[in-house]
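Undergrad: Each chain is listed here by its residues.
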Amino acid sequence: MAKDLRYFLEKVKNELPDDYIEVTRSVDPNNFDITAILEHLTKQNKFPLVLFKNPKNLKGEDTEIPVVSNVFAKRERCALALDWPVDQSNLPLSLEYARLEREIIPPVEIGKEQAPVKEIILRGPEADPAILPGVRHYEMDLSPVFTMTLIMKDPDTGIYDITFAKTFYKGSQRMGASIHTPHLERIVNKYKERNEPAPVVQVLGHHPAFYLGSLALSPYDADDYASVGSFLREPLRLVESETWGKDFLVPADAEIIIEGEVLPGEKEIVDPFGEVTRHYQAQCIRQAVNVTAITRRKNAIMQDIFSGHEGHWNLGALPKEGSVFNAVNSRYGNVKAVHLPHSGIGRLACYISIDKKREGDAKIAGLAALLESWTFQVVVVVDDDIDVFNEKEVVWAILTMVDPKRDITMVENVHTVFTTAMGHNKMIIDATKPLDRAFPERFRIPESAMQRIKLDEWIK
Amino acid sequence: MERIFWVKCPKCGGRFCCDYELRHSNLKLICPFCHEQFLDAESPEIDERL
Chain A
1 MAKDLRYFLE
11 KVKNELPDDY
21 IEVTRSVDPN
31 NFDITAILEH
41 LTKQNKFPLV
51 LFKNPKNLKG
61 EDTEIPVVSN
71 VFAKRERCAL
81 ALDWPVDQSN
91 LPLSLEYARL
101 EREIIPPVEI
111 GKEQAPVKEI
121 ILRGPEADPA
131 ILPGVRHYEM
141 DLSPVFTMTL
151 IMKDPDTGIY
161 DITFAKTFYK
171 GSQRMGASIH
181 TPHLERIVNK
191 YKERNEPAPV
201 VQVLGHHPAF
211 YLGSLALSPY
221 DADDYASVGS
231 FLREPLRLVE
241 SETWGKDFLV
251 PADAEIIIEG
261 EVLPGEKEIV
271 DPFGEVTRHY
281 QAQCIRQAVN
291 VTAITRRKNA
301 IMQDIFSGHE
311 GHWNLGALPK
321 EGSVFNAVNS
331 RYGNVKAVHL
341 PHSGIGRLAC
351 YISIDKKREG
361 DAKIAGLAAL
371 LESWTFQVVV
381 VVDDDIDVFN
391 EKEVVWAILT
401 MVDPKRDITM
411 VENVHTVFTT
421 AMGHNKMIID
431 ATKPLDRAFP
441 ERFRIPESAM
451 QRIKLDEWIK
Chain B
1 MERIFWVKCP
11 KCGGRFCCDY
21 ELRHSNLKLI
31 CPFCHEQFLD
41 AESPEIDERL
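Line by line, the protein sequences are chains A and B.
Using the numbering used here, read the first sequence as starting at 1 and increasing by one per residue.
Using the numbering used here, read the second sequence as starting at 1 and increasing by one per residue.
You can take every hint at face value.
Distance condition first, Cα-Cα at most 30 angstroms in a straight line; then the derived DSBU-like pairs of lysine-lysine:
hint : chain 1 : residue 1 : chain 2 : residue 2
1    : A       : Lys405    : A       : Lys357
2    : A       : Lys46     : A       : Lys460
3    : A       : Lys11     : A       : Lys43
4    : A       : Lys267    : A       : Lys192
5    : A       : Lys267    : B       : Lys8
6    : B       : Lys28     : A       : Lys59
7    : A       : Lys192    : A       : Lys170
8    : B       : Lys28     : A       : Lys192
9    : A       : Lys336    : A       : Lys392
10   : B       : Lys28     : A       : Lys267
11   : A       : Lys246    : A       : Lys267
12   : A       : Lys13     : A       : Lys53
13   : A       : Lys13     : A       : Lys46
14   : A       : Lys56     : B       : Lys11
15   : A       : Lys246    : A       : Lys192
16   : A       : Lys190    : B       : Lys28
17   : A       : Lys53     : A       : Lys298
18   : A       : Lys392    : A       : Lys405
19   : A       : Lys112    : A       : Lys298
20   : A       : Lys13     : A       : Lys43
21   : A       : Lys11     : A       : Lys56
22   : A       : Lys170    : A       : Lys246
23   : A       : Lys13     : A       : Lys56
24   : B       : Lys11     : A       : Lys267
25   : A       : Lys59     : B       : Lys8
26   : A       : Lys298    : A       : Lys56
27   : A       : Lys170    : B       : Lys8
28   : B       : Lys28     : A       : Lys170
29   : B       : Lys11     : A       : Lys170
30   : B       : Lys28     : B       : Lys11
31   : A       : Lys53     : A       : Lys43
32   : A       : Lys59     : B       : Lys11
Pair ranges (Cβ atoms, derived):
hint : chain 1 : residue 1 : chain 2 : residue 2 : range
33   : B       : Asp47     : A       : Gln114    : 52 to 58 angstroms
34   : B       : Glu36     : A       : Tyr332    : 52 to 58 angstroms
35   : A       : Gly158    : B       : Ala41     : 43 to 49 angstroms
36   : B       : Ala41     : A       : Lys53     : 44 to 50 angstroms
37   : A       : Tyr332    : B       : Lys11     : 57 to 63 angstroms
38   : B       : Phe38     : A       : Lys53     : 37 to 43 angstroms
Don't read these hints as lab results, they were simulated from the structure.
Ideal Cβ placement from N, Cα and C applies to all residues, glycine included.
Isolated chain A (complex conformation) (with noise of 0.2 angstroms):
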């Protein structure tokens, strides 16, 4: 059976119980039911993958069509959507991932018979998103949004893209997409220097691994199709799309399909809309889309991400976290772990732990980081003997470590991706302990004592 998010739910379901919650109560997605749930969730440190069996679509009717919402928000989810021990979801996750973006599988094709997605076929007025429980998710929220990946094919060399970008329904058949990442923009662009519409899919629900597999770090020309197979470990399936049949492919997999066209020229206004950083996107003006078509299962589950939250986060962390430490490690061998917290979004802020031989190893290693990735901002580089997992342990390094006037690096006038008060700074904290001086030494228990002790022997 080919992997898919109903099977990713049973598996949670049996395998981590208690990550999973099923609301039954009719919610309406487009006045904040479902954000105002997950946020008192998350308000008591709780982050469950949720199933909102009863919503209302963007129409205010209700629908068959539930929502998933949260499915990344725990690294023991990511986890096991990609077959990996969930007790190892810390680093050892991180460099499986590493592992699996240096690797792919071509997909396959099948015949529309074959493929779920094809069970219900929409086209012309029928193909309104309006029939879908789109999620408003915070108050300054244009529209409800749709927050799942596009899938573009370069029409040169046939590739295809796949990228998380949002779409905001505009009425009828109209979308406001907010395609901004550099792959996406240079099919566009392709496109619209021929004035022609540009084919786009928005793939609302999948097995986790195919969302994981788009994040991978992957070069303009390689098809991401075939690097989804990768994490999923298994050829994805595709099927020949309604709007331009076997010249553009999409997952039979999935839950709901959006088709459309960018429409060369046409703009539309979009945000504000809550996004990573916790803040505000501005409004702008982005593509307009024309939808011709939407296919989906007949039991369909449709997906969202709540965004600016731990899902979102892991996201963010997951991709970047094994491939800096790879770059790190192989360039100066003393890297010991890698870690992009959740209180940096998962791309803000960048915690290496190192086995410092000398003074000036930890801003080599700060630098080569900022390498790696455009949306590090802060790169704090610490001693092997902090867990960088632990943020508690990361900021009792820094303010026992860090001398402002000498191990605060700033790197200025560089290319960023968010809109912080950084602007286009950098910073490198060089929080591990000096060498070059008497310094005081961190206590510890005899490591004897910690292994001759057993707790359960003592207390009851």
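Knowing the structure of chain A, use the given hints to seat chain B on it.
TA: Relative to chain A, chain B alone:
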């Protein structure tokens, strides 16, 4: 850091932020609260401090 400016909807008074590309663009902004469409110049308040 991208430049933004804040406007106030002339109809409902809701405040929201816009990318500076929309300032003086002659494109109608859309209030996310009441969906009123208006030019930035029609906003009773504009905050565009650097």
